[in-house]
Amino acid sequence: MSRRGEAADVLLGVAAAGVRAGEASVHVALLPVGLAARTPLIGPILGAAVEQVAADGRAARRAAMRRMDDGVDRALCSPELAALVERLIAGPLTDSVAQSLARNGVPGRVASELVASVDVDEALTAVLEHPQTRELVAALTTSPELQQLVADALDSRLTVELTDRILQGPAMQHAIEHLAGSPELRRVVAEQSAGMAEQTMEGVRRRSVVLDDAAERTVRGWLRRPRPQMS
Amino acid sequence: MAAPAQAADVLSAEASSDEYAGVVSRAIALGIDAAVIQGSLLIVAALLGLVASLVGGITLGTAGQIAAAGAWLVATAAYFVVWWSLDGQTLGQRAMRLVVLTADGSGPPPPMRSTVRVLWLGLCIIPLFAGFLPALVDDRRRGLHDIVAGTVVVHAPPPVP
Chain C
1 MSRRGEAADV LLGVAAAGVR AGEASVHVAL LPVGLAARTP LIGPILGAAV EQVAADGRAA
61 RRAAMRRMDD GVDRALCSPE LAALVERLIA GPLTDSVAQS LARNGVPGRV ASELVASVDV
121 DEALTAVLEH PQTRELVAAL TTSPELQQLV ADALDSRLTV ELTDRILQGP AMQHAIEHLA
181 GSPELRRVVA EQSAGMAEQT MEGVRRRSVV LDDAAERTVR GWLRRPRPQM S
Chain H
1 MAAPAQAADV LSAEASSDEY AGVVSRAIAL GIDAAVIQGS LLIVAALLGL VASLVGGITL
61 GTAGQIAAAG AWLVATAAYF VVWWSLDGQT LGQRAMRLVV LTADGSGPPP PMRSTVRVLW
121 LGLCIIPLFA GFLPALVDDR RRGLHDIVAG TVVVHAPPPV P
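Chains C and H are the protein sequences, given in the same order. Under this note's numbering, think of the first position of the first sequence as 1, with each following residue one higher. Under this note's numbering, think of the first position of the second sequence as 1, with each following residue one higher.
Treat the hints as calculated values from the structure; they're not laboratory data. For glycine and all other residues, C-beta sits at the position ideal for the given N, C-alpha and C. Some clues are possibly wrong.
Not close to chain C: a few residues of chain H, all C-beta gaps over 12 Å, as computed [as the list claims (entries may be wrong)]:
id: 1; residue: Val24
id: 2; residue: Ser25
id: 3; residue: Ala29
id: 4; residue: Ile32
id: 5; residue: Gln38
id: 6; residue: Ser40
id: 7; residue: Ile58
id: 8; residue: Ala69
id: 9; residue: Val74
id: 10; residue: Tyr79
id: 11; residue: Trp83
id: 12; residue: Pro111
id: 13; residue: Thr115
id: 14; residue: His155
Which residues of chain C face chain H? A few of them, derived with a C-beta cut under 8 Å, are [to be verified]:
id: 15; residue: Val189
id: 16; residue: Glu191
id: 17; residue: Ser208
id: 18; residue: Ala215
id: 19; residue: Glu216
id: 20; residue: Arg220
id: 21; residue: Pro228
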């Protein structure tokens, strides 16, 4: 370290020692005041004076805060600040900040932190159950403009091409192969088929019994030979 | 063998004509059986013909054709006899939930009685199914082959799940 730097440190040390000494002397000087404040005669008078001084201090603090708020408001609403923000956003700083955020994975970290700290299900449920959400959904679903928009989108050639591309895509083929090879799906299809076959046969059986009786009744009617009642 | 036993119980407990199967139900069951056995025999015959064509073709003489027709008839008859004797039901009767029992309802007919029944079944079919007409007026809805063989056909109760 240079000698000049050492001299500056010495000067700073002397100043700090002086401040400490002044502090100690103030404490010593205020000792009699503290003792007087505890005496029954002088204490109340001194307390009232201290309270008056404190009230003046509070009023001054409030006025200062008010002035500061007004100043901040004026500064925030000033066209100069708007122009400054505009220059900041338009400048290269915004790009640098965005690149830095992306480089350090800040969006992912923030998202992880949010997901970890917020109960997503509960938040979603609250949003979905909110009356305003329902009103919004009702308004959207009954909106003629939205219906027309959806109809136009469905009728557009892009939708057809997009659907074709999705259906012919490898992901869809893979999904179909996976579904077709699924034992659960096969079991369900087999059960459904067996159930349908059984239902069909049940219908055939029921109708054939009715026809049995009808045929027998008809022939017995021709022959005038009624069916015996057996218990 | 559960279905014939249950059917026999029903038969002995409450002998109503509703328990005896009528001509329509039995005709449908017979149609299913005919499709099954004739379809199976056709496939077997086609396979045999294919194999024969691979070795240069086999032409059957009159005796051979008679033998083949006889084998066809025997296979058809065997199908009915085996199923009736074992279970009281052919595949078609199983689909229609019908059971062939002896006239006293004691169980499926034995092989000899099943053989008599199938022979008479053929005789009932030959005159344009006229052998089934007695089932329309008989109190137990028996066809001619049932009367001769001493059997009845009843509705089987639905299987217990």
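Going through the hints against the structure:
{"no.": "1", "hint": "Val24", "in the structure": "4 Å, violated"}
{"no.": "2", "hint": "Ser25", "in the structure": "4 Å, violated"}
{"no.": "3", "hint": "Ala29", "in the structure": "9 Å, violated"}
{"no.": "4", "hint": "Ile32", "in the structure": "10 Å, violated"}
{"no.": "5", "hint": "Gln38", "in the structure": "20 Å, holds"}
{"no.": "6", "hint": "Ser40", "in the structure": "20 Å, holds"}
{"no.": "7", "hint": "Ile58", "in the structure": "40 Å, holds"}
{"no.": "8", "hint": "Ala69", "in the structure": "32 Å, holds"}
{"no.": "9", "hint": "Val74", "in the structure": "30 Å, holds"}
{"no.": "10", "hint": "Tyr79", "in the structure": "20 Å, holds"}
{"no.": "11", "hint": "Trp83", "in the structure": "18 Å, holds"}
{"no.": "12", "hint": "Pro111", "in the structure": "28 Å, holds"}
{"no.": "13", "hint": "Thr115", "in the structure": "27 Å, holds"}
{"no.": "14", "hint": "His155", "in the structure": "8 Å, violated"}
{"no.": "15", "hint": "Val189", "in the structure": "20 Å, violated"}
{"no.": "16", "hint": "Glu191", "in the structure": "13 Å, violated"}
{"no.": "17", "hint": "Ser208", "in the structure": "4 Å, holds"}
{"no.": "18", "hint": "Ala215", "in the structure": "6 Å, holds"}
{"no.": "19", "hint": "Glu216", "in the structure": "5 Å, holds"}
{"no.": "20", "hint": "Arg220", "in the structure": "6 Å, holds"}
{"no.": "21", "hint": "Pro228", "in the structure": "6 Å, holds"}
In summary, the numbered hints that this structure violates are 1, 2, 3, 4, 14, 15 and 16.
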